[in-house]
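4 protein chains.
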Amino acid sequence: MDFKHSDKALHWQERVTRFLDDKVLPRAADYWAEVHADHTIQPRTMEALKAEARDAGLWNMFLPGEHGTGLSNLEYAPLAEAMGRAGLWTPEVFNCNAPDTGNMEVLHMYGNPAQQERWMKPLMAGEIRSAFLMTEPAVASSDATNIQTSIVREGDEYVINGRKWWSTNMGHPNVAISIVMGKTDTEAATHAQQSQVLVPTDTPGFRVERMLTVFGYDERPIGHAEVVLDNVRVPVENLIAGEGRGFEIAQGRLGPGRIHHCMRVIGAAEKALELMCERLLNRTAFRKTLSEHSVWEQRVGEARTNIEMCRLMVLKAAWMMDNGGAKNAKSEIAQIKVAAPKMALQIIDDAIQAFGGAGVSADTPLAEMYATVRTLRLADGPDEVHNRTIARLEYAKHGGRPVR
Amino acid sequence: MDFKHSDKALHWQERVTRFLDDKVLPRAADYWAEVHADHTIQPRTMEALKAEARDAGLWNMFLPGEHGTGLSNLEYAPLAEAMGRAGLWTPEVFNCNAPDTGNMEVLHMYGNPAQQERWMKPLMAGEIRSAFLMTEPAVASSDATNIQTSIVREGDEYVINGRKWWSTNMGHPNVAISIVMGKTDTEAATHAQQSQVLVPTDTPGFRVERMLTVFGYDERPIGHAEVVLDNVRVPVENLIAGEGRGFEIAQGRLGPGRIHHCMRVIGAAEKALELMCERLLNRTAFRKTLSEHSVWEQRVGEARTNIEMCRLMVLKAAWMMDNGGAKNAKSEIAQIKVAAPKMALQIIDDAIQAFGGAGVSADTPLAEMYATVRTLRLADGPDEVHNRTIARLEYAKHGGRPVR
Amino acid sequence: MDFKHSDKALHWQERVTRFLDDKVLPRAADYWAEVHADHTIQPRTMEALKAEARDAGLWNMFLPGEHGTGLSNLEYAPLAEAMGRAGLWTPEVFNCNAPDTGNMEVLHMYGNPAQQERWMKPLMAGEIRSAFLMTEPAVASSDATNIQTSIVREGDEYVINGRKWWSTNMGHPNVAISIVMGKTDTEAATHAQQSQVLVPTDTPGFRVERMLTVFGYDERPIGHAEVVLDNVRVPVENLIAGEGRGFEIAQGRLGPGRIHHCMRVIGAAEKALELMCERLLNRTAFRKTLSEHSVWEQRVGEARTNIEMCRLMVLKAAWMMDNGGAKNAKSEIAQIKVAAPKMALQIIDDAIQAFGGAGVSADTPLAEMYATVRTLRLADGPDEVHNRTIARLEYAKHGGRPVR
Amino acid sequence: MDFKHSDKALHWQERVTRFLDDKVLPRAADYWAEVHADHTIQPRTMEALKAEARDAGLWNMFLPGEHGTGLSNLEYAPLAEAMGRAGLWTPEVFNCNAPDTGNMEVLHMYGNPAQQERWMKPLMAGEIRSAFLMTEPAVASSDATNIQTSIVREGDEYVINGRKWWSTNMGHPNVAISIVMGKTDTEAATHAQQSQVLVPTDTPGFRVERMLTVFGYDERPIGHAEVVLDNVRVPVENLIAGEGRGFEIAQGRLGPGRIHHCMRVIGAAEKALELMCERLLNRTAFRKTLSEHSVWEQRVGEARTNIEMCRLMVLKAAWMMDNGGAKNAKSEIAQIKVAAPKMALQIIDDAIQAFGGAGVSADTPLAEMYATVRTLRLADGPDEVHNRTIARLEYAKHGGRPVR
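Protein chains in written order, with the UniProt record's numbering: chain A, 1 to 404; chain B, 1 to 404; chain C, 1 to 404; chain D, 1 to 404.
Isolated chain A, as found in the complex:
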């Protein structure tokens, strides 16, 4: 047991952190100015930063194996944290943003050579963006068996009908492809009913119904959409892996994805704590700085403790995935999925309280951070479902019925 990162990992951390400090953060204001001027076009600042990151070799670091930089989940985790600390808009700079990461992983693991050539290649080059269409407004999608979108084979085509939402990246000017989850066989065994199909976003019948807001934030140019699939037809070659393997593919993508999310969240929590400490040291009330009021000592003390504990947990989950796969780390992944956002929300909320009016407005990143992290208690399944998973694995140790 050793709590020190490897030299390789430290080296990567140093490179990414330096790039963020030297190249990315100085251009944050430019990026946001472009977004506020027109959030329907891709900011030129982003494309410039992407080019620099790619030239610097800081590109696709999330992807294990030869296609990326060959980093393990454990080695990648601190890089995701650094991005989360720099701002939740920065992962795109490194082509490391969700859901493109998950989609590239799926194509990497389950795509055939033609699919990889056609879609994975431009995604890995950062030339196009992609969406993952799973969640549906009409049903509790955390119970994946509820999904209603139908994928029916007619001749050489699949005909897709359904309604999806929270389809991230659908506001992106460069979005070109989506992976759609739906049922090819409603008569099959519960977990063999679903399939995943590649659907170009310009296919007839594929329609963005509206963009969604998060606590008042329109998150474009990324954005989350409600999408209607109305007799959308794609060639059967667009099927990924095989009919009935949709659930299996979905499970596979969630492990690393959750770890990435959690590490970014930990970075966000670090940022909030940093801002909070600076505020407390520089604000005076009742003749002493806020930092000297002991109520804040308790909050800062707990904030530091909770960040440290969550970070260790995420790193351990990453290490377990590297040494045995996601199935091996099922409970641990569920644990961080619940614990990290909860931890971060408390710290961000405390930081808001320390800042007063500046905390709820756009003068600090805190309110938007809160909104984004709040959605992570819901995205990829609500807390309740993950705690259920953990509990049932725990019960199984004591004779409770096994969990699939």
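One thing to keep in mind: the hints can contain errors.
Which copy is meant is left open, because identical chains are indistinguishable; a pair holds if it fits in one copy or across any two.
Claimed, not checked - Derived PhoX-like pairs: lysine-lysine, alpha-carbon spacing no greater than 20 Å straight-line:
{"hint": "1", "residue 1": "K327", "residue 2": "K4"}
{"hint": "2", "residue 1": "K121", "residue 2": "K50"}
{"hint": "3", "residue 1": "K330", "residue 2": "K342"}
{"hint": "4", "residue 1": "K4", "residue 2": "K330"}
If you're looking for bench data, these hints aren't it; they were derived computationally from the structure. Source: prediction; values computed, not measured.
Since the structure of chain A is already known, use the hints to place chains B, C and D on it.
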């Protein structure tokens, strides 16, 4: 001791509730459509509803004494709750929205006849809107002695310099007057340094620097502004009550204002609980409705309990103010100021969790409700300052030094 | 609506408080010295105080109607609070301690004249003590349908077999009678299977198996026992009200009983807050008193707020019972049952923290108070069951299936 | 970074766990029977188990370096956890119980050869027991500068006067020696005023005033005492390390000691979770097992998560101490000192709730576990002081004044 509202109070509750159900809520969509089309103009729907409410005698109910409807704080409280439940945009329909209410009260209690004629009359008629400029970005304004805006007499004029923010109503197309708090004498005893002056919003040097957002919500046509006062000159007749009485006036306005806020918050919590129950009864996961999952029983049980307890506390505080004044109810007012928003935030957050993606988006009122209520843990002093007040009153019972 | 107690109620409060201050508290040390010397005999101090209380007319105040003092639940509640504040051993002084109170109520409402003469009379005189045997170790007794004790009629006798525990008062030297709940007809409708029977504690086959401790506290001379009923035979005349009415009787007793418990708990919380404030004002760390450390301001502020809110809730529940009966106040009674102990435990725990080592030891009453109040989250049904009740009543407002 | 224990560590874990399972737990009932029969004598079962453990080489594992088994803190931590899981009485079996461990460490690091021969040797052999007399009832001892006990040199002797409490082991029949902290020079710099002196417990003037209880539990044969030192005289040779070094020695002992405590607490939490799961799977209410009620899924999920996070944190703190010393791990040690007991108390409390009456009684170990762990939020400094330490280290990163 009697927990039943008087017949008079029940009658008013019935009238206001019926008006909200029959007249206001059916036009909510119209109101919001106008706001979304152009949030810089006053929606015609609002003016139409105001006219109806006034005709129905449901007008200025917040104001005790002969100028309003003669309701006590205890009698008014459930009306504020009903408005909070209907939506935080509805109090304006009844001319019962902050900060106009507080400003009218100040003019009612401290204004001279000329000031009442010039400003209170059109405010009470709903013809103009007003702002209260107290909080400053540069200092912890919860410690009122920190306020830096200067009000210097030069001949027959006061010259005002300062920077204020969170000046609610400054986005309103009809805003015409503001009450500005500042220091007329920095050498006086701590609580006699400040004064309040009437400043028309079109006075030269009075400048809206920018509008603020709350989480991602721009709350116009009401809106909160940052305002710069740059050598603003007003005649000395605009002074309210007398030099050095600013702190006293500010204290006076906070009692009823906090009770109004808290009752609206309780109404919002009721609405959130209502929505949550409906969702739980109508959503299925893992083969039963969410309402049948016992974790939700615990949350709903606690929600109901906490609403009931907070409501009783607000009603008691209102009753104490009616029977002995705000000074008499100092601890109780501080108690509800902290307890009500905290209670409501938990319930709204649980409701968001029950709704999933719909909860954080604009498909439910929950996310905006959360943002608004979150600001109430800061507005009129943060929780920490109110708990300090309560604690020091408590300590005083055991020999701690007296609280002013 | 009026938050002022009636003159009558205030008069009683004044009498009871004065008696506690003048007569009871000065003898607390004597009482405990006797208990520590031998907890199997009734302390003479208690009997002396009982005689004085009875002479002073402060006796059986819990009982509504002509048998007691004619106080309503609303009027009695503050008296129970005063006893709780004075110490959880003091209700016996006034013959107002559980479970004797509940048993007297049951005999008062459901007993026939012979039963009243034989058992209620000496109970009301404080000459004997009684137990209520409901909870069973083998089943979740909060779901009353689980109860397994059998009551089988054989000729003119009932034969009772079963195992009960947490039978309070079974350590009392004066205990003479118990009310036993069990099933007379396992074939009847769910809520008509149970009956309640009077069983003298010296009946052959009635055996105290052992005394139970609560967090290390042996609570004798009151005490809680595990009792075995082994072919216990009583005459059929000992049946209360009628076969199959056990559930109905049990429901009836719980309303007032819970209010009494909750008011005593509120008194205990007041005592803990009082002790905490004194400690904070008199203990110095890091060159200032603990009261000047702002973390304690937050805790004291919240403590005061939560006590006030819970007290109002209990008073309202009492008022509702007085004006419509326990069934009418089903949700409110469940609410306080959960809220009051939770509130008190937090305050007691904070007070323990303020006292340090003195808090967990016998140098303050806090640790024992904590232990006793902790049991109230379980006794008469765990929190979870009461929250379930509240939630289902809430769901019913929105079309959920009705609650019986 | 590697989350796998070394083979050496795993081997020791296996040995200790097997010894606990095979030798210790089967004799738990014997041990407690002896204690309940007479808690003033050392149970023969304990001495027998100690002899077996010593023969098995499972002895003094806590002590780093050649005197013990040569285990690092990181390697020892899981052994402490295993003991905590087996029961808080089991560390003595392995001569690994506080405060003997800390006292042996002090003698190991600061004692001179004569002191080591006279006291450390029999302590390491398990022949005698020892106490550490630091905390005083009259002052907030968490601020060590408050300590009032005086140690005055007169000729070749030190004369000690003071009053100490929570002196653990003072109920032990074998206690022979104590280390007393007091002031040798009240004029010296704040942290150079104190010294530590060896005081045999049979020295004239050394008097056990009384034994203390913890939530009703008399914890003898170990026990915590209040001790009066009334003109106690010891030879100057009994001084440890040097005058004025008391604070330094105290700091040194706290690092490992806190880690041991925390690991035992984690073991206790594991035990509570284990018991809780078994209960939930085997108890039925409302026609399904408690484990199927989703409220328990949430609690079990959070319990598992919080245990995992705390354990990682303790292991990291241990690793940091092994690689840089306690000063290096100042924040981390403070973090676990607060986090571990808080985590465990929640889980134990939930387990109590799952067990109902059995949870608060002696039928499960839960209530006593709760009491013991509750004291750890106070012992070695209350949570508030540790959070203060963490916060000030955090502030220092942002320009706050340095922490000594």
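Checked hints:
Taking the shortest Cα distances, K327 and K4 sit within 20 Å of each other only across copies (18 Å), while inside one copy they are farther apart (26 Å). For the identical chains of this complex, K121 and K50 are intra-copy neighbours only, at 16 Å inside a copy versus 60 Å across copies, given an alpha-carbon limit of 20 Å. Only within a single protomer do K330 and K342 lie at most 20 Å apart by alpha-carbon distance; the minimum there is 19 Å, versus 26 Å between protomers. When the C-alpha separation of K4 and K330 is checked against a cutoff of 20 Å, the pair qualifies only between copies, where the shortest distance is 18 Å, while the shortest distance within a copy is 24 Å.
Every hint from the earlier list agrees with this structure, and none is contradicted.
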